[in-house]
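Enquirer: As a plain string of letters, each chain reads:
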Amino acid sequence: MVEKRGFGTFLVHAVLIVGIAIVCFPIYLTFVGSTLTHFEIIRPPMPLLPGPHLIDNYTQALTQGITAPVGRMLFNSFVMAMGIAVGKIAISILSAYAIVYFRFPFRMLAFWAIFMTLMLPVEVRIVPTYQVAASLGLLNSYTGLILPLIASATATFLFRQFFMTVPDELVEAARVDGAGPLRFFKDILLPLSVTNIAALFVILFIYGWNQFLWPLLITTKPEMNTIVMGLKQMMPTADDYGNWPVTMAAAMLAVLPPVAVVLFMQRLFVKGLVETEK
Amino acid sequence: MATISIKDITKSYGKTEVIHGVSLDVADGEFIVIVGPSGCGKSTLLRMVAGLERITGGTIDIGGRVVNELEPRERDIAMVFQNYALYPHMSVFDNMAYGLKIAGQSKAEIKQRVDKAAAMLQIEPYLERKPRALSGGQRQRVAMGRALVRQPAVFLFDEPLSNLDAKLRVQMRLEIKQMQRAVGTTALYVTHDQVEAMTLADRLVVMNGGVAEQIDTPMAVYERPATRFVAGFIGSPAMNILQGSVTDKHFALEGGGTLALEDAGYAEKGRPILFGVRPEHLRLVPAADAVLNLGVTAIETLGADTLAHGKLAGANGVGGELVARLPGSARLSVGDTLPLAIEPGMTHLFDAESGRRL
Amino acid sequence: MEKRVTFDNRLLPYLLLTPQLAVTIVFFFWPAGQALYQSLLLPDPFGLSARFVWFSNFEYLFNDRYYLQSFATTAVFTGFVTLTSMSVALLLAVLADQVIKGAGAYKTLLIWPYAVAPAVAGVMWLFMFQPSIGVLAFYMKAMGFNWNPVLNGSHAMTLVIAAAAWKQISYNFLFFLAGLQAIPKSLIEAAAIDGAGKWHRFRTIIFPLLSPTTFFLLVVNIVYAFFETFGIIHTMTAGGPGQSTTILVYKVFSDGFVGQDLGSSAAQSVILMVVVGVLTVIQFRYIERRVHY
Numbered sequence: 029m030v031e032k033r034g035f036g037t038f039l040v041h042a043v044l045i046v047g048i049a050i051v052c053f054p055i056y057l058t059f060v061g062s063t064l065t066h067f068e069i070i071r072p073p074m075p076l077l078p079g080p081h082l083i084d085n086y087t088q089a090l091t092q093g094i095t096a097p098v099g100r101m102l103f104n105s106f107v108m109a110m111g112i113a114v115g116k117i118a119i120s121i122l123s124a125y126a127i128v129y130f131r132f133p134f135r136m137l138a139f140w141a142i143f144m145t146l147m148l149p150v151e152v153r154i155v156p157t158y159q160v161a162a163s164l165g166l167l168n169s170y171t172g173l174i175l176p177l178i179a180s181a182t183a184t185f186l187f188r189q190f191f192m193t194v195p196d197e198l199v200e201a202a203r204v205d206g207a208g209p210l211r212f213f214k215d216i217l218l219p220l221s222v223t224n225i226a227a228l229f230v231i232l233f234i235y236g237w238n239q240f241l242w243p244l245l246i247t248t249k250p251e252m253n254t255i256v257m258g259l260k261q262m263m264p265t266a267d268d269y270g271n272w273p274v275t276m277a278a279a280m281l282a283v284l285p286p287v288a289v290v291l292f293m294q295r296l297f298v299k300g301l302v303e304t305e306k
Numbered sequence: 134m135a136t137i138s139i140k141d142i143t144k145s146y147g148k149t150e151v152i153h154g155v156s157l158d159v160a161d162g163e164f165i166v167i168v169g170p171s172g173c174g175k176s177t178l179l180r181m182v183a184g185l186e187r188i189t190g191g192t193i194d195i196g197g198r199v200v201n202e203l204e205p206r207e208r209d210i211a212m213v214f215q216n217y218a219l220y221p222h223m224s225v226f227d228n229m230a231y232g233l234k235i236a237g238q239s240k241a242e243i244k245q246r247v248d249k250a251a252a253m254l255q256i257e258p259y260l261e262r263k264p265r266a267l268s269g270g271q272r273q274r275v276a277m278g279r280a281l282v283r284q285p286a287v288f289l290f291d292e293p294l295s296n297l298d299a300k301l302r303v304q305m306r307l308e309i310k311q312m313q314r315a316v317g318t319t320a321l322y323v324t325h326d327q328v329e330a331m332t333l334a335d336r337l338v339v340m341n342g343g344v345a346e347q348i349d350t351p352m353a354v355y356e357r358p359a360t361r362f363v364a365g366f367i368g369s370p371a372m373n374i375l376q377g378s379v380t381d382k383h384f385a386l387e388g389g390g391t392l393a394l395e396d397a398g399y400a401e402k403g404r405p406i407l408f409g410v411r412p413e414h415l416r417l418v419p420a421a422d423a424v425l426n427l428g429v430t431a432i433e434t435l436g437a438d439t440l441a442h443g444k445l446a447g448a449n450g451v452g453g454e455l456v457a458r459l460p461g462s463a464r465l466s467v468g469d470t471l472p473l474a475i476e477p478g479m480t481h482l483f484d485a486e487s488g489r490r491l
Numbered sequence: 002m003e004k005r006v007t008f009d010n011r012l013l014p015y016l017l018l019t020p021q022l023a024v025t026i027v028f029f030f031w032p033a034g035q036a037l038y039q040s041l042l043l044p045d046p047f048g049l050s051a052r053f054v055w056f057s058n059f060e061y062l063f064n065d066r067y068y069l070q071s072f073a074t075t076a077v078f079t080g081f082v083t084l085t086s087m088s089v090a091l092l093l094a095v096l097a098d099q100v101i102k103g104a105g106a107y108k109t110l111l112i113w114p115y116a117v118a119p120a121v122a123g124v125m126w127l128f129m130f131q132p133s134i135g136v137l138a139f140y141m142k143a144m145g146f147n148w149n150p151v152l153n154g155s156h157a158m159t160l161v162i163a164a165a166a167w168k169q170i171s172y173n174f175l176f177f178l179a180g181l182q183a184i185p186k187s188l189i190e191a192a193a194i195d196g197a198g199k200w201h202r203f204r205t206i207i208f209p210l211l212s213p214t215t216f217f218l219l220v221v222n223i224v225y226a227f228f229e230t231f232g233i234i235h236t237m238t239a240g241g242p243g244q245s246t247t248i249l250v251y252k253v254f255s256d257g258f259v260g261q262d263l264g265s266s267a268a269q270s271v272i273l274m275v276v277v278g279v280l281t282v283i284q285f286r287y288i289e290r291r292v293h294y
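Residue numbers (the working numbering), protein chains in the order written: chain A, 29 to 306; chain B, 134 to 491; chain C, 2 to 294.
Take the hints with a grain of salt, since some may be wrong.
Derived pair list, reagent style BS3-like, types lysine-lysine, alpha-carbon separation capped at 27 angstroms [what the hints assert, rightly or not]:
# : chain 1 : residue 1 : chain 2 : residue 2
1 : A       : K214      : B       : K263
2 : B       : K240      : B       : K263
3 : C       : K199      : C       : K102
4 : C       : K199      : B       : K148
5 : A       : K214      : B       : K244
A short, non-exhaustive set of chain B residues, derived as facing chain A with CB atoms under 8 angstroms [unchecked claim]:
#  : residue
6  : P205
7  : I210
8  : M212
9  : N216
10 : P221
11 : G232
What the hints contain is simulated information worked out from the structure, not anything from laboratory work.
Quick reminder that beta carbons are idealized off the backbone N, C-alpha and C, glycines included.
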């Protein structure tokens, strides 16, 4: 369409750039904080340009940290995020397959039982869920970090939605070719779901990585802390000046993996985001 | 290779019966085409033979074995689907080999069979491609190849050409026929396209409303349609059907006017009947010899032929609309009155109530 | 919506469902049942036994000044987070939608905060605005503004709202941008030919056509502000000063784990479940509506 250009276009770009600057400023400042010394930070105003202590601070964070080495926490977060993503996808794709491709008594009951979990985020039922996990002896364990969070209907719904779009003729062709239900699942349905699985994986990895309240309750030993909740423990409090640069280095390390996932798998990420909300 | 014997097959969804007792015996190696308008039950019938739909009543017997309770894979059949149903993530080779792999054939055997089928269908250059990298015609061939490699007792085709463009459809039609002749496998083929039906079939099953109206060779169906429905469905343009009744050696048109009947004594006087004549069996004659006069209202020139649409002169009120297929050389204009005669022996009479041929 | 073609198998579907149902029952139905049950109990001060008290926990809650205040706090917090985040995101999305060159780069730079955990966002924003060390807090004070979120409740509220809204901009931006790009160009062209200027086109064509997206985001943002901002509150203010930033979800946690008042916490959980239930129903009504388009 023909439209007058010039000042309007300039203004559009200017506002976008200011917007991006505001959106990006917190992480920039965190980065700057992670390259300074503790002394430079507690004597405000701190410098707004990076200092020379990047390697020192990150090394210290990774190997010693404050409560526990951040390297260890990153590993815990990684295990938790992977466990949640893989676990959710695995149990969801199986149950969606059962619900879509079979007719059996209590099918709708099972469907609604799973559906109900959509309604209750873990934050709402946090106390009793904690009690259940504690009574099962799951405190300070990876199982305890992962298992309670893989019960969710979102992924089941996504797969159900996708399975409904798979043409019936493919099932029929597979049956004429002699494939039974498990064979059809393994040879046809699973390979066709790869993009959906990948998109979902991206979203669930971020979801798992960013959990805060659940690890806060279920892990009491510092070496079982995840990075996102461990960060809170590392924050210098008013009476103890702690170590801000190391904390900021830990904050950078905490956001790096999920941000990298978003940036490098942007297409899958957007697809996953849009589809899980359908 | 096998015979198929279908006996009094019915199919109901809940309380609605959609197929009301169809029987058909198919000889070994025969090419049967099931044709009918959409919703007539032809696909359901085919899917019951395939084992994709449960049989409500009656029996289906393939090669001397009642298959009612057998799963598709146990029936020794292969099927070509309307939208091809190729596995999108597998190469052409894997698509064709999938059934053989499941059946536990050896690698060498699979390769040999796939290569043979690919050569026959001229799809060897595409064996490593994915279905989405193929044209419609190529996908169609792969779907056929997948059926071919199985070396089944029966081929089932569910409107396999309806997603192709007109030119490709003609070509694939010929290839399907040649392929079936070459391997000699019994085939059931479902279509709504009467040209496909006429050209492919050894015998036709014309279905309507869940009933097989006529089962016979294409020419027999064309020449002696068993019912008014078959008369209207097979042949293009459709047969002209006029309503009226028999009066002594004449057919009295409902709106007025009469036509001479060559050999009367068909039916009792005054009985309401339908009088049918195909457009191609009307010809221009000198006015003195005219059996009927057509007032032309519209003309379609097809090149070889010219279709003259019009109303019977002398027929007032309702009815009396006719189409005549005349030679392309005929020079006509709207408003003309054409003197027409009917080719000898080319009239069809049907009972007005039951629609059956008299 | 149902599949026409299915497999006949008696046992297999149950086997396939078992893992998900097992996890759901153990970590969902059991705790939810516990919450319901505990909400009707009053434990003695030593936590050794509990008495069945019917609805007195709920009665107590609805007479509790702090609990009612927490409702108001949640409403203010949710309202401002939703409004701020959605309007900023809409502005950026409308602008990004017009950009021809570099649209991809702008998009990339705007979506990454989605990946930042709320708790980490809290730490980052605190680092900027903490009164003793925060560099932005320093400049605010240098300009004569007495910024003190540690003692001043409204300052604390402003801070958590800003952090929570910041994190949600990416999400809203993505959906607004997708919504804008889904509007057929021909409609906008028709409006332009009818003589509508840019602003007029936005007000009369684009914004109304965007309303399904807007409504959807409204619900999502409310759910976000209600339930997913726990990490922000916990890292930045811990619900304080006083109770000024204690939103409902935070109160469930602090009464249950810090205050050890299990009956009250369970009753609060039940109330929140009802709230989520209502929001979910609204969301589904919306999805149904969208299907009819």
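Enquirer: Each hint: holds or not?
Expert: Here's how the hints hold up against the structure:
1. K214/A <-> K263/B: holds (19 angstroms)
2. K240/B <-> K263/B: holds (20 angstroms)
3. K199/C <-> K102/C: Satisfied, since the Cα-Cα distance of roughly 20 angstroms is no more than 27 angstroms.
4. K199/C <-> K148/B: violated (59 angstroms)
5. K214/A <-> K244/B: With a Cα-Cα distance of about 23 angstroms, the restraint between K214/A and K244/B holds, given a limit of 27 angstroms.
6. P205: P205/B check passes; min Cβ-Cβ to chain A is 5 angstroms, inside 8 angstroms.
7. I210: holds (7 angstroms)
8. M212: holds (5 angstroms)
9. N216: Holds: closest Cβ of chain A sits about 6 angstroms from N216/B, inside 8 angstroms.
10. P221: holds (7 angstroms)
11. G232: holds (4 angstroms)
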